[in-house]
Amino acid sequence: MSIAKASGFEALEKLMSTEPPVFLAPSSISEVARTASRYLFEKLKPFNPKSPFDQLLVDGFDAEQIWQQIDLQCQPLLSSLRQDVKRFAQNPKEIRKLGNLALKVSHEDDDVDEMDMDDDELEATESEGDEEEEGDEEEEEEDDVEEDEEEKSGDHEGIEDKFFKIKELEEFLEEGEAEEYGLDYKNKKGVAKRKKQNLRDDDDDEEDEDEEEDDDEFGAFAGGDDEEADKLGKARYDDFFGGKKKETKMKLKDLSEDDEAELENQGDVKLSTHEKDRIKLQSKIEQMEKANLDPKHWTMQGEITAAKRPKNSALEVDLDFEHNTRPAPVITEEVTASLEDLIKSRIIEARFDDVQRAPSMPTKAKREAKEMDDSKSKKGLAEVYEDEYVRQANPAFAPTTFSDELKKEASILFKRLCLKLDSLSHFHFTPKPVIEEMSIQTNVPAIAMEEVAPVAVSDAAMLAPEEIFSGKGDIKDESELTQEERKRRRAKKKRKFKAESAKDPVKKARDDTTENPKTVTGSEER
Amino acid sequence: MFPSKPFPKTLIRHQHQTSSFIASPTLKHSRKIKMLRRNIRLRKEYLYRKNLEGDERVQYEKKMKIREALQEGKPIPTELRNEEARLRQEIDLEDQNTAVPRSHIDDEYANATENDPKILLTTSRNPSAPLIRFTKELKFAFPNSQRINRGSQVISEIIETARSHDFTDVILVHEHRGVPDGLIISHLPFGPTAYFGLLNVVTRHDISTKKAIGKMPEQYPHLIFNNFTTQMGQRVANVLKHVFPAPKVDARRIVTFSNESDYISFRNHVYDKGEGGPKSIELKEVGPRFELRLYQVKLGTVEQNEAETEWVIRPYMNTAKKRKFIGE
Numbered sequence: 007m008s009i010a011k012a013s014g015f016e017a018l019e020k021l022m023s024t025e026p027p028v029f030l031a032p033s034s035i036s037e038v039a040r041t042a043s044r045y046l047f048e049k050l051k052p053f054n055p056k057s058p059f060d061q062l063l064v065d066g067f068d069a070e071q072i073w074q075q076i077d078l079q080c081q082p083l084l085s086s087l088r089q090d091v092k093r094f095a096q097n098p099k100e101i102r103k104l105g106n107l108a109l110k111v112s113h114e115d116d117d118v119d120e121m122d123m124d125d126d127e128l129e130a131t132e133s134e135g136d137e138e139e140e141g142d143e144e145e146e147e148e149d150d151v152e153e154d155e156e157e158k159s160g161d162h163e164g165i166e167d168k169f170f171k172i173k174e175l176e177e178f179l180e181e182g183e184a185e186e187y188g189l190d191y192k193n194k195k196g197v198a199k200r201k202k203q204n205l206r207d208d209d210d211d212e213e214d215e216d217e218e219e220d221d222d223e224f225g226a227f228a229g230g231d232d233e234e235a236d237k238l239g240k241a242r243y244d245d246f247f248g249g250k251k252k253e254t255k256m257k258l259k260d261l262s263e264d265d266e267a268e269l270e271n272q273g274d275v276k277l278s279t280h281e282k283d284r285i286k287l288q289s290k291i292e293q294m295e296k297a298n299l300d301p302k303h304w305t306m307q308g309e310i311t312a313a314k315r316p317k318n319s320a321l322e323v324d325l326d327f328e329h330n331t332r333p334a335p336v337i338t339e340e341v342t343a344s345l346e347d348l349i350k351s352r353i354i355e356a357r358f359d360d361v362q363r364a365p366s367m368p369t370k371a372k373r374e375a376k377e378m379d380d381s382k383s384k385k386g387l388a389e390v391y392e393d394e395y396v397r398q399a400n401p402a403f404a405p406t407t408f409s410d411e412l413k414k415e416a417s418i419l420f421k422r423l424c425l426k427l428d429s430l431s432h433f434h435f436t437p438k439p440v441i442e443e444m445s446i447q448t449n450v451p452a453i454a455m456e457e458v459a460p461v462a463v464s465d466a467a468m469l470a471p472e473e474i475f476s477g478k479g480d481i482k483d484e485s486e487l488t489q490e491e492r493k494r495r496r497a498k499k500k501r502k503f504k505a506e507s508a509k510d511p512v513k514k515a516r517d518d519t520t521e522n523p524k525t526v527t528g529s530e531e532r
Numbered sequence: 520m521f522p523s524k525p526f527p528k529t530l531i532r533h534q535h536q537t538s539s540f541i542a543s544p545t546l547k548h549s550r551k552i553k554m555l556r557r558n559i560r561l562r563k564e565y566l567y568r569k570n571l572e573g574d575e576r577v578q579y580e581k582k583m584k585i586r587e588a589l590q591e592g593k594p595i596p597t598e599l600r601n602e603e604a605r606l607r608q609e610i611d612l613e614d615q616n617t618a619v620p621r622s623h624i625d626d627e628y629a630n631a632t633e634n635d636p637k638i639l640l641t642t643s644r645n646p647s648a649p650l651i652r653f654t655k656e657l658k659f660a661f662p663n664s665q666r667i668n669r670g671s672q673v674i675s676e677i678i679e680t681a682r683s684h685d686f687t688d689v690i691l692v693h694e695h696r697g698v699p700d701g702l703i704i705s706h707l708p709f710g711p712t713a714y715f716g717l718l719n720v721v722t723r724h725d726i727s728t729k730k731a732i733g734k735m736p737e738q739y740p741h742l743i744f745n746n747f748t749t750q751m752g753q754r755v756a757n758v759l760k761h762v763f764p765a766p767k768v769d770a771r772r773i774v775t776f777s778n779e780s781d782y783i784s785f786r787n788h789v790y791d792k793g794e795g796g797p798k799s800i801e802l803k804e805v806g807p808r809f810e811l812r813l814y815q816v817k818l819g820t821v822e823q824n825e826a827e828t829e830w831v832i833r834p835y836m837n838t839a840k841k842r843k844f845i846g847e
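If you read the protein sequences in the order shown, they are chains P and E.
Under the working numbering, the residues of the first sequence are numbered 7 to 532, in order.
Under the working numbering, the residues of the second sequence are numbered 520 to 847, in order.
Here chain E stands alone, though its shape is the one from the complex (with noise of 0.2 Å):
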């Protein structure tokens, strides 16, 4: 479970050398497999903690139980007296972030909400026209967000370079026939991807003309989220939110991802205070409007083939149409 290969040698101050040790590389080449292996410790190390997740859990139930039993004036259950003294020496220890059992899920975002997310915007190759100006609309609709062209960069170089360059998020878009029909959010630091579909995209430059529909406000928005219940909800719900920063408390403009069964409406508005008191407030609808229909969510990043599912959807199975994975 330890990294079987050495660390890189700025880390150690031993006097013996590592016995990989490449002699006289170029200092290119060294940065290149620092990288790399750092890289590697990394995926260990989270591979690691992965494991020990089912530990970690067992211990927390036993604590969890000992808890009950102290609170409740009950006898402890007699299969936990050998470790009583050293679980309950832990409660007391205990704070409120490590009283909660971690999973790997959570480590993804634990970081995320210290800076500004950085998203890169980029489509499928040989984009249309439509396409392109739907990438530029949802450049406006994400704060913070930059596009690229695609030109024919491979999808691990896309990644690389976000890395290399801090991007937090890289949402790619695809199309048919001029019809945006894929979105693809993929978190970076070897965070989750979510793959939607789009479906009744409504973009700008389809209501009217540049000068008839204005500019649009590109002011840190407020969330919301509505019916997002079940445990893949939050986790959607999680994705979706760490693609906006942290707004303003009095922004005046607003996205909306409702949620009916298993179709995500997404809506960008603008609001004012009304006429006729606080109660009173007037709506105008900016930027484009689509549905997404969230078809697999994988713990690893777009490159990443062999990555874990974590979710997919299943359309064939008879009782599919009774099932509903992300609200209700």
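Just chain P, with the same shape it has in the complex (with noise of 0.2 Å):
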């Protein structure tokens, strides 16, 4: 193998040694090319253990078929050297850390290099015209990614420090632009070549592409925001001043794990302005759809019941109605001081709404006021006491006074009174009454009542003997009575006259009828 190995050595230095225009033309340049190659792929067989060939079968195949070897040996092992690329951009810490590994990583980089020159050399031989510009365009991407990584880790050493990266900066600001683009900036380069290989590959599912591609973008969309904000939001000492073994094993992990997963989910590249704003269109008609299938929120279903909507949900809402009613007043210091304000000036002013009691009825009838004359009366003082004897004498003869009249016409005009209310309160109408009329039947004679000649002259009685006489008993004349009877009439009439005299006092003067005056004699000499 040594032998073989030198001679491969020796054969990849030739062939770097001639000039290009010799690979054009068919020439013994093929044998050294074919050694070189086979001792690569000796080199790189350790790094692909899936590979069926244990050799590069050179032999007795022509250019096609040894190119399939080799392609076949490539491509897993392409794979995964662009994650490592990928991770060794964003830190080139590791790979000093690494030790071994970053040893074979270098010599991982320049083995690609050369492969890359290798296979672009085969392919300018090859002459297929799309496999070469791709070949190309790919090289031309690692050798940018190379670049960067070299300016990364050479340029500055000035500025930068343990807390401050030029390279972190750039990576960012690179992050925060992609951000706003809509695409996530670690799937970029991933992205790019992923698509191309779509392109080359899948001509007929393009379809396919776009969905992943929209779906992809969704997953961009959504995917990157929360990332972004995760990042800022999670923000840890470690994220600025290094990490630790286990990080970087969990991002190792992680980005053979998201490997695969970009593999499905990725798809598009940058979008342009016209298919951006479809698809946000797409995803607002999207949204608007499934709104108006599901339920209604409660509070546009119209009249809705404390048992139709979610419980204390009505204090949630800022619920805004016109209320027709005034407000109950709110008593403030103002309204006190303007009440009692009010109330002052009344007092002073002694204006009350009192209750005004109303006057009573007199409950007894006032007394007769005797109407007292202050003119000289007509009558003479006799005829005064002649018109008293004569209404006592003979009631019926003697003229009324003036309350006689009153009274009389008071009582007709009470008595047409009560007829009418009895007429109006009583249900059962009585027919008008009799009025008795109250005459005193005196006992004088008739003739004296039709006649005006005095009394004296008439002897006939109106009155029936028995209602003259209203006595009982035994009637005896006074020739028939006995002592005793005699002595006990007298004794009666005694007793009555003292009863009588009892009773009145005040004899009047002019009653008096007796011989002997009480007066004293000397009225007389007067």
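Please keep in mind that the hints were generated in silico from the structure rather than gathered at the bench.
Here the structure is a predicted model, which means the values were calculated and not measured.
Among the hints, erroneous ones may be present.
Cut-off 27 Å, straight-line C-alpha distance, at most; resulting in silico cross-link-like pairs (DSSO-like, lysine-lysine) [to be verified]:
id	chain 1	residue 1	chain 2	residue 2
1	E	K767	P	K350
2	E	K569	P	K426
3	E	K563	E	K551
4	E	K798	P	K350
5	E	K734	E	K792
6	P	K493	P	K504
7	P	K482	P	K502
8	E	K792	P	K350
9	P	K282	P	K302
10	E	K582	P	K426
11	P	K302	P	K286
12	E	K803	P	K350
13	E	K553	E	K658
14	E	K658	P	K350
15	E	K734	E	K803
16	P	K426	E	K551
17	E	K551	P	K350
18	P	K286	P	K296
19	E	K553	P	K426
Only some residues are given here: those of chain E computed to face chain P with a beta carbon under 7 Å [what the hints assert, rightly or not]:
id	residue
20	M583
21	E633
22	H741
23	A839
Just so you know, even glycine gets a beta-carbon here, dropped at the ideal spot from N, CA and C.
Hey, can you piece these two chains together into the complex? The hints should help.
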């Protein structure tokens, strides 16, 4: 193998030394090329355990077959290499930390470079236009990556220190830009490669690609924002001042996992504005359609009872409706002060709205106020006495006084009123009753009533004997009485007289018709 | 229109008996029947008088026209020519009492001014302690009043006992979780009932302890009614006025009912002449303070469910905010 190696190495060097035009012409250089490629194949074999070839079968195979073998070996290697390159592009420190791995990585890088260059040379000889171009593009991209890495590590040693890395700054800026344009920074390079692969391999599945792109766009939109937010929220010391081994291992794992995920989810390149707008619109449409199909929020459902809405949900909603009633007055200091001012003014004016007591009706009728005439009476005293006597003796004959007339009129009026009231209040109305008038029947001879002639002339009496006499028991004449009976009569008379005298003690002077007046003789002298 | 049943037996001196006379009832039973019949008769009279009001109104209008024509010296309108002589005679006989057309509403308070009002205060069922305290305060605020426990009495029972004991007004107080929120003033001999809602109630117990706040004078107070301008306002003022008796001229206590956009403020003050001359007055607020909001007036007592409503609040009308029923 060492001889082969040596020859292989020499072959490589020889190849490198030859000029490009020589490749075009079919010549002995092909032998050299085959040796070199076989040598390289052997070198790369340990990194690719899955390949079916132990050795590059060169003899008797044409260029196409050799190329296919190389391709078979290279494909898995390329993807892993890309991952590594990306990782190292982000944190170049890891290259040194990893130790063995780092050396290998650097070797790999070189190998990759050489491999690429070899590939390019092979491709040039095969002359397949598409592949050439793509190979060029791949090379360019990887070169760019390489250059970036080199630049980042080498140039800015003066400014950079433990805290500040220009590379990190640039990465941050690029991430921001990617965020703005809707692509995830992490996946950018891989995405580009993937897209190219898709274009190359599956021309028929453009629709699928589109869908994938859309989904990826969605994913990128949704995921990117969240990831960005998460990144900002969960900034830790370690992010700024270097991580530990755990973190890097995690990241490696994550990256490997992400790779597979990305391979499935990714699919979009930078979209044009029209496409972006269209995508946004479609998302909006989908949202609105979904909202229409779902049941409405309870506030939009018209009349709602408490059972149909969630508990205490009315407290959260700001209910606003017009109140038709005036609100209750809030009693502030000013209100109280104004009230008190009003009261004070009313007190000063003494203007109150009290209850006025109605004047009550007198319970007793007023006493008959006798009218006192000031003027001299027309009648003489004797005439007054005469009238009184006449009234006592013959009541019917006497002229009536003023008060009597008033009384009569009043009684007549009252009787009429009573009649009317009775007719109002009695349901069973009685006919007009006979008004009994009290007329005094006096024992006056009938002729006296009819005639103007004096009383003493006629003898005929109006009253019947039994109406005159109101006695009882045996009636005896004076001559028939015995002595005891006479005494008894006298005693009875005396008793009666005494009783009467006790009743009215005042005797009028003129009634005294006895012969001996009580007046003193002295009065006669005057 | 006339009562269809005959009157109680005691008033009639007829010989024949009434058709519905029950043979030999007990004394108590017969008294009850009499009371019942009396009430029925009174109510029928009231309805009859109410019916006559329409005619009375018409007559009054005619008399007014004739009076005006006579005063101004204009010829009497032709439609009244036939009745003119009779009406003129009536006009001459009228005095200030009969000249005004009477309505059944006025009859309720016709006799109220003769005697001092006698008030019965009580609460709704199962009153809380704050409500009882508030009722006690109202007892001091309204002179000549009495508070009774509600227990489990029915409203009709309360009204019956009040009527028989010659109370003039019954006041019921209602509450919501300790805060008084309703007041019903019912005038007793079939009088009107006014229903109020209470707001912003501040009781004497809330302000400070018994010792700190001191005693309240129970003098018959002067009354102030402010801004009761409409007819409904006058009616409410009447109802509230007749709950109080007529005071002395030099009374120191003042009760104020002030109306502001249909909310009536009740205030209870005691005043003293200040030092700075006759124009200065020191007011000291005493007693509970609350806002009344009238929501119903019924032409009957509290127990009469079928009584006619004179006025009821309409808060859900679109123009409710613009209309003011009591004042302004």
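Name the hints, by number, that the structure is in violation of. 9, 13, 16, 17 and 20
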